[in-house]
Amino acid sequence: MGSDDEVYNHTKHPYTKALMSAVPIPAPKLERNKNIQLLEGDLPSPINPPSGCVFRTRCPLADERCSTQKPAFNTDNGTHFVACLKV
Numbered sequence: 001m002g003s004d005d006e007v008y009n010h011t012k013h014p015y016t017k018a019l020m021s022a023v024p025i026p027a028p029k030l031e032r033n034k035n036i037q038l039l040e041g042d043l044p045s046p047i048n049p050p051s052g053c054v055f056r057t058r059c060p061l062a063d064e065r066c067s068t069q070k071p072a073f074n075t076d077n078g079t080h081f082v083a084c085l086k087v
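If you use full-length UniProt numbering, the sequence shown corresponds to residues 1 to 87, in order.
Just to be clear, a hint being listed does not mean it is correct.
Computed list of lysine-lysine pairs in PhoX-like fashion (alpha-carbon distance at most 25 Å, straight line) [claimed, not checked]:
#, residue 1, residue 2
1, 34, 17
2, 17, 70
3, 29, 17
4, 86, 29
5, 17, 86
6, 86, 12
7, 34, 12
8, 70, 86
Computed Cβ-Cβ distance ranges for the label pairs, DEER-style [to be verified]:
#, residue 1, residue 2, range
9, 24, 49, 26 to 32 Å
10, 49, 8, 25 to 31 Å
11, 50, 23, 23 to 29 Å
12, 73, 26, 30 to 36 Å
13, 34, 87, 19 to 25 Å
14, 26, 64, 39 to 45 Å
15, 68, 43, 18 to 24 Å
16, 26, 76, 19 to 25 Å
Honestly, the hints are just simulated from the structure, not real lab data. Think of the CB as a built atom: it goes at the ideal place given N, C-alpha and C, for glycine as much as any other residue.
Based on the provided sequences and hints, a complete structural model is requested.
This is the structure:
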């Protein structure tokens, strides 16, 4: 959570980074050369979510700690909040 500028131009959470990389760029040359971050892994069950971080099954940064600890919202500037143990 954060201001438009923070979310669009200074993404921190791995899911937001992947989501923003999928947004089309209206300039064809830039669109062709952009790096899309594909999410791999299994979608978590909404009925039986995984322990710890619910995004860990698809997160490129996940480690053992992510399977046991649920991340809390943190901020480094008071306006941009992220729930991730790795950022």
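**Report entry** In rising order, the numbers of the hints this structure does not comply with
**Finding:** Violated: hints 4, 16.
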